[in-house]
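Trainee: As a plain string of letters, each chain reads:
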Amino acid sequence: MGVTCVTQWPVTENRTVPQAVEVLTKRLDALGASKSGNFGVDCETYQSVPTNVPLKYIHVMHNKEQPYTCYAVTDNRTCLVCENSFEAIMHRLNGFYVPKKTARIESKGTRYEMGDFIIKIGIVSLGPHARGVLVEVEYTPCVIIQDCWPLMVEFMQGFMGAQYTPNTHPMLANKQEVPFNAEDTVFQYLEQFENFVKRGSSTATVR
Amino acid sequence: MATALENANLLSRAILTTQKLRISVSKTFNHMKDGIKVSQDEHGAPKSFASQLQEDLFLINESFIELEKLTMAVRRQREAETIGNTGALSMDPVTDKTPLYPKALETYKWATRLREHSAHSQAFLNNSSIKRSSGSGGSPAKRRKTAPTNLNISTQAVDNLVMNVNRQFHDVKITKIQLNPTVLQVYVSRTLQAIIVLRGLLIERVLIRAHHENTLNDDGTLDLWTASKYEVFQKITEHATAASLRYYLPTMQDLSFRSFMHWLNSFSKLFSTPCRLCGKYIKDNLPPTWRCFRTVEPYHECCRP
Ligand SMILES: [Zn+2]
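Top to bottom, those sequences are chains C and L. Using the UniProt record's numbering, you'd call the opening residue of the first sequence number 1 and step up by one each time. Using the UniProt record's numbering, you'd call the opening residue of the second sequence number 1 and step up by one each time.
Just so you know, these hints were derived from the structure itself, not from any lab. Only a predicted model underlies this, so the values are computations on that prediction, with no experimental measurement involved. Virtual Cβ for every residue (Gly too), placed ideally from N, Cα, C. Please note: incorrect hints may appear among the correct ones.
As the list claims (entries may be wrong) - With the C-beta cut set under 8 angstroms, the calculated list includes, among others, these residues of chain L facing chain C: (1) K27; (2) H31; (3) G35; (4) H212; (5) C278; (6) I282; (7) L286; (8) F293.
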C-alpha cells in the first residue's frame, strides 16, 4: 500500500453532514474520479475494569481494505495486527477489559480512484449520530511519506480548495524514513476518532 | 464456380422462404389478437377460429420445414469449399468438437493481414529512416553484417560497466540478476526499479516498476513482462523505451549505456521535484514523468519543451 493522509473536512454551520459530503463528491466527479466501491473503518474501545488503576484502553479497529485483519491498538500506540477472530478473545477477557459504552465509532463511505490516487470520503458516526466527515487520500506508487508529501498536499488542495492546508502528517515527524504500512493508516483514523469523541462530549451533535 | 452459383440460388430461395415464414407468423398472431370474421368456406359451413388457427399453423410449419431443408443444403455446400490441402482438415467427422478448420482459416486471414501490415510499415519506415547511429543506418543489409561483431562482449565487460555505474551514481544500485541474456535490476534511490535486458551492452528492453513491486513470478522465475500496476511507472516505461532508442549508439555501447543511466538517475526524486515549466507536482494525476534528453530536467508529458 502507498502513503495515506487522513484529514477532516469541516462541516460548516449552514450545511448538514451529507451536504458537506456532496460538495466533495461533486468536485471529484468533475475532476474525473471513478467510483470503486465502498469502504469502512471502525473502532471499538475496551476499557480496563476499574479495579485496575490507572485506567487502560484497547482500541480494536478494522479497515475494510484489509477485511480479514484486526488491529488492536493500546494507548501508547503499540499495535497488534491479527486475524479477525481476535475480537472473540477480547470478549473472553471481560474480567479485565470491558467494551466502553457507546464507544463504537466508524467512518463509512465511498471509495474513488483517480490515476494512482485513491480517495475515500467517509461520514463519521458515533453511535446513531453523524459527527463529521473524514477524507483519506492514498498515493499508491510511493511508500515513503517524506518523498511525496508536497505532492499529496497539492493533490488534496486540488479538490479540497487552495486555502486548505492539511495538518502536518504525524509520520513526517519521524526522523527515520520508513516505508508506510497499513497500521499507519489505522493510527491516523484512531487519532481523528479520538478528536471526534473528545469534541462530541462538549458540542451538540450535528445532523 | 457451379457450386457457388447453386449456393446463391439456394440462399435467395431461403430468403424468400424466410419472408414467407414471417408473413404467416405475423398473420397467425394477428388472427389470435383480433379474432376472425365469421366467414363461409366453399361448402357454406362457418369457419371456426380453431380451424383457422390450424390452417395458419400448417402454413407456418410448411415454410419452416422448407427453410430447414434449404439451410441444410447450403451448409453442405459451404463445407465443401476449401483452400488447398487444408480441405483435408474439414473432412474430420467431428468438426463441431474440434473446430480445426475454421480456426485454420481464421489464422490464415490473420497472417495475410499481418503480412500486408508489415509490408506497409516497412515501406513507410524506409521512406523516413532516421540516421540514429553513426556509420550504420542506411541499408539494412549493412547493419546486419556489422551488428553481430558488436555483440561479442564478455561478461567481464558487463561486470566492469555495472561496477563503474554503481560508483558514478550514488542513488543507483545495479545488480546482475540473470546471465544469459544479461538482465540487470536497477534500483533508483527508493523511488523505482528498472529491469533492463541487455544485448551486448545495448539496451534491448526496459521495464520500470515501483520500488516495492515484485521482480519474480509466483513460481520464482524472473518476470520480464508484467507491466507495473501504477500509471506513473507505465508512463515512465514508455519514456524509458524512447530514451533507450534516443541514446542508442552501437559503435559506442559503453557511452550509450552511461547516457541512459544518467537519464534514469534523474528519477531519483520523482515524487518531490516539480515540473520545470508549470512548477506543479501533479498534472493529470501524474508527477513530471518526462525528462529532457540533454539536461534531464523534469517536465510533465504535456509541458515538455
Ligand atoms: Zn508541468
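Trainee: Answer holds if the nearest beta-carbon of chain C is closer than 8 angstroms to that of F293 of chain L; otherwise answer violated.
Mentor: Status violated, d = 23 angstroms.
Trainee: Would the hint on K27 of chain L stand, with a C-beta cut-off of 8 angstroms toward chain C?
Mentor: 51 angstroms, violated
Trainee: Does the closest beta carbon of chain C sit nearer than 8 angstroms to the beta carbon of C278 of chain L?
Mentor: 11 angstroms, violated
Trainee: Tell me if G35 of chain L is really an interface residue toward chain C, meaning its C-beta lies closer than 8 angstroms to one of theirs.
Mentor: With a minimum Cβ separation of about 53 angstroms from chain C (threshold 8 angstroms), the hint on G35 of chain L is violated.
Trainee: How about L286 of chain L: closest beta carbon in chain C under 8 angstroms, or not?
Mentor: 6 angstroms, holds
Trainee: Should the hint that H31 of chain L touches chain C count as held when the rule is a Cβ pair under 8 angstroms?
Mentor: Violated. Min distance 52 angstroms.
Trainee: Holds or violated: the hint that I282 of chain L contacts chain C, with Cβ atoms closer than 8 angstroms.
Mentor: 5 angstroms, holds
Trainee: Against chain C, run the beta carbon of H212 of chain L and see if the smallest gap drops under 8 angstroms.
Mentor: 6 angstroms, holds
In this structure, the hints that do not hold are numbers 1, 2, 3, 5, 8, in rising order.
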